[in-house]
Amino acid sequence: MPPILAAMLLLACATVGLWRIWRGPTSVDRMLGAEQLSTLAIAILLLLGTRLAQPALVDVALLFGLLAAVATATFVTRTWTRLHEAQRRPEEAEGD
Amino acid sequence: MTEGLALIAPWLIAAGVLFFMAGALGLWRFPDVYSRLHALTKADNLGLGLLCLGLACQAASVSAALKILLVWGLVLVASSIGATLMASTALARGLRPRTRRGSRDS
Amino acid sequence: MSTFIIGFDLLLGAGLLWLAWQALFHPKPFAAVVHFMAFGLVMALVWVRLEALDIALAEAAIGTGVTGALLLAALGRLPNGATPRLALRPWQRPPVALALGVVLLLGLWLAWVAWQLPRPGLSAEVTAALPESGVRHPVTAVLLNLRALDTMLELAVMLGAVWLVWSLGPELRPYAPATALPGLPALTRLLHPLFLMVPAYLLWRGSHAPGGAFPAGAVLGAGGVLLLLADAVPWMQRPDRQPLLRLLLSTGLVLFLGLALGGLLLTGTFFAIPVAIAALAILVVEVAAALSIALMLMACYLYGEPGR
Numbered sequence: 001m002p003p004i005l006a007a008m009l010l011l012a013c014a015t016v017g018l019w020r021i022w023r024g025p026t027s028v029d030r031m032l033g034a035e036q037l038s039t040l041a042i043a044i045l046l047l048l049g050t051r052l053a054q055p056a057l058v059d060v061a062l063l064f065g066l067l068a069a070v071a072t073a074t075f076v077t078r079t080w081t082r083l084h085e086a087q088r089r090p091e092e093a094e095g096d
Numbered sequence: 001m002t003e004g005l006a007l008i009a010p011w012l013i014a015a016g017v018l019f020f021m022a023g024a025l026g027l028w029r030f031p032d033v034y035s036r037l038h039a040l041t042k043a044d045n046l047g048l049g050l051l052c053l054g055l056a057c058q059a060a061s062v063s064a065a066l067k068i069l070l071v072w073g074l075v076l077v078a079s080s081i082g083a084t085l086m087a088s089t090a091l092a093r094g095l096r097p098r099t100r101r102g103s104r105d106s
Numbered sequence: 001m002s003t004f005i006i007g008f009d010l011l012l013g014a015g016l017l018w019l020a021w022q023a024l025f026h027p028k029p030f031a032a033v034v035h036f037m038a039f040g041l042v043m044a045l046v047w048v049r050l051e052a053l054d055i056a057l058a059e060a061a062i063g064t065g066v067t068g069a070l071l072l073a074a075l076g077r078l079p080n081g082a083t084p085r086l087a088l089r090p091w092q093r094p095p096v097a098l099a100l101g102v103v104l105l106l107g108l109w110l111a112w113v114a115w116q117l118p119r120p121g122l123s124a125e126v127t128a129a130l131p132e133s134g135v136r137h138p139v140t141a142v143l144l145n146l147r148a149l150d151t152m153l154e155l156a157v158m159l160g161a162v163w164l165v166w167s168l169g170p171e172l173r174p175y176a177p178a179t180a181l182p183g184l185p186a187l188t189r190l191l192h193p194l195f196l197m198v199p200a201y202l203l204w205r206g207s208h209a210p211g212g213a214f215p216a217g218a219v220l221g222a223g224g225v226l227l228l229l230a231d232a233v234p235w236m237q238r239p240d241r242q243p244l245l246r247l248l249l250s251t252g253l254v255l256f257l258g259l260a261l262g263g264l265l266l267t268g269t270f271f272a273i274p275v276a277i278a279a280l281a282i283l284v285v286e287v288a289a290a291l292s293i294a295l296m297l298m299a300c301y302l303y304g305e306p307g308r
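Protein chains in written order, with the working numbering: chain P, 1 to 96; chain X, 1 to 106; chain D, 1 to 308.
What the hints contain is simulated information worked out from the structure, not anything from laboratory work.
It is possible that some hints are incorrect.
Far from chain P by the CB rule (all over 10 Å, computed), these chain X residues [said to hold, decoys possible]:
| no. | residue |
| --- | --- |
| 1 | 2 |
| 2 | 4 |
| 3 | 7 |
| 4 | 45 |
| 5 | 51 |
| 6 | 95 |
| 7 | 98 |
Which stretches of chain P does chain D cover? Using the computed rule of at least three CB atoms under 8 Å from a CB of chain D, they are [what the hints assert, rightly or not]:
| no. | region |
| --- | --- |
| 8 | 27 to 41 |
| 9 | 55 to 62 |
Calculated from the model, a selection of chain D residues having no Cβ within reach of chain X, i.e. all distances over 10 Å [claimed, not checked]:
| no. | residue |
| --- | --- |
| 10 | 90 |
| 11 | 107 |
| 12 | 161 |
| 13 | 183 |
| 14 | 244 |
Note that CB positions come from ideal geometry on N, CA and C, so glycine has one too.
Just chain P, with the same shape it has in the complex (with noise of 0.2 Å):
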């Protein structure tokens, strides 16, 4: 398969990402959706540094592995915390 090819049927499958995280429904997706996002982006960089012979693009893939993992960490221990839990009842958790 050609690279080019290839990095386009990932970007076909990144409308995915995109639209779960504009629709969600709970953070969690929209979070999914992110994460979906930036493998989807660390293997365009890796085809494309084939591709356009340029190594450096492996550099930028390295980074995006290690941001996403911030992100996370960051969501689940700042973002969705025992706070938001105390104000919101139940019924109602499954939105933001």
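Based on the hints, put chains X and D in the right spot on chain P.
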């Protein structure tokens, strides 16, 4: 040896893209958060792994190949631990997993 | 093949516009923040397609990672529930419209000026000056030697931002996570070697290839944020360590200023770095700047002055 690697590389990349599409399908159609989490993290990491293997076969040098595989290892660690963190937080926040057919998506 | 590339670029551009629109106008703040993070991802890909790898690195590190994490943490501080939409009183409308019009006109004027700039820019001059700059990568040469004043002022702006955040009051105590998270220390432990190795690599690469102090500092800062999340850097909050923290925060700016004044003393020109020591001086300043940037990002993350 090198010719053999160059021959299987496109197949590995195609298989990786296939797994990415399976993950996207799961993210789109699965009924609750936990199954979507499950589908996405497994399928996408496997897809990325196959793609990285394919690209590592095509890499110009051993060090470049190792760097591509390092990216995969990093994503594997980050996204598997990230998935457990998100799943346990969702459970603690009261999102119930869907248990049987027809029960409410929550 | 080129049709594929054009299609790829069009898809990328359409996704970028969609994400920017949603980041601004999505009714739920959390969704807007996640759209903003995804915008950073796609923007980095666009920079790659524009062959601006240095900016792609900085966008990946700062735009997606650190800013996204800052916004997510700020969101956890907001009261839960619907935020009221911005409603303007009648007397407020004319000045707001006037300000928007001025901004629009300024933007158009800026675009016109940029359009009028001589092509192909200054790359020939930069290439001519490269042998005297002490590094081999043109972007690093511009940032740390030819236009070092701009970079120094950027560091000053970041320090000003930390000052502003700290002036909001004492440091905010984080709320407890919704559940015990044993995975978090494991994640920090497993990833931290990379969070130290990658910045060192980026700094080393900066002299001859895309990389340099800003992406390195941002990655180091992101690692520091992960440590803060896992409560692994208690010294930042201790009152007796505050002088050390302040000293480290200002190291990059102070060294930069020292370099500029040293140039003034040695050659009579502000920021004129002698060719003989340029490579070493740039390396020292880059390391100090990266450390300072990392600490400044962590300091912003505390949401207030620590140790009070």
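Results of checking the hints against the structure:
For residue 2 of chain X, the requirement that its beta carbon stay farther than 10 Å from each beta carbon of chain P is met, with the minimum near 15 Å. With a least CB separation of 18 Å from chain P, residue 4 of chain X remains clear of the 10 Å interface cut-off, as annotated. Look at residue 7 of chain X: its CB is around 13 Å from the nearest CB on chain P, clear of 10 Å, so calling it non-interface holds up. With a least beta-carbon separation of about 8 Å from chain P, residue 45 of chain X fails to lie farther than 10 Å from that chain, contradicting its non-interface assignment.
Not every CB of chain P is more than 10 Å from the CB of residue 51 of chain X (nearest about 5 Å), against its label as outside the interface. The non-interface label for residue 95 of chain X is inconsistent with chain P: the shortest C-beta to C-beta separation is roughly 6 Å, within 10 Å. With a least beta-carbon separation of about 13 Å from chain P, residue 98 of chain X lies farther than 10 Å from that chain, consistent with its non-interface assignment. With 8 residues bearing a CB less than 8 Å from a CB of chain D, the region 27 to 41 of chain P meets the requirement of three and the coverage assertion stands.
Only residues whose C-beta sits within less than 8 Å of a C-beta in chain D count toward coverage, and the region 55 to 62 of chain P has 5 of them, enough to reach three; the restraint holds. Every beta carbon of chain X lies more than 10 Å from that of residue 90 of chain D, the smallest distance being close to 43 Å; the non-interface claim holds. Consistency note on residue 107 of chain D: stated as away from chain X, and its beta-carbon is indeed over 10 Å from all of that chain's, at 37 Å minimum. For residue 161 of chain D, the requirement that its beta carbon stay farther than 10 Å from each beta carbon of chain X is met, with the minimum near 28 Å.
Look at residue 183 of chain D: its CB is around 5 Å from the nearest CB on chain X, not clear of 10 Å, so calling it non-interface is violated. Consistency note on residue 244 of chain D: stated as away from chain X, and its beta-carbon is indeed over 10 Å from all of that chain's, at 31 Å minimum.
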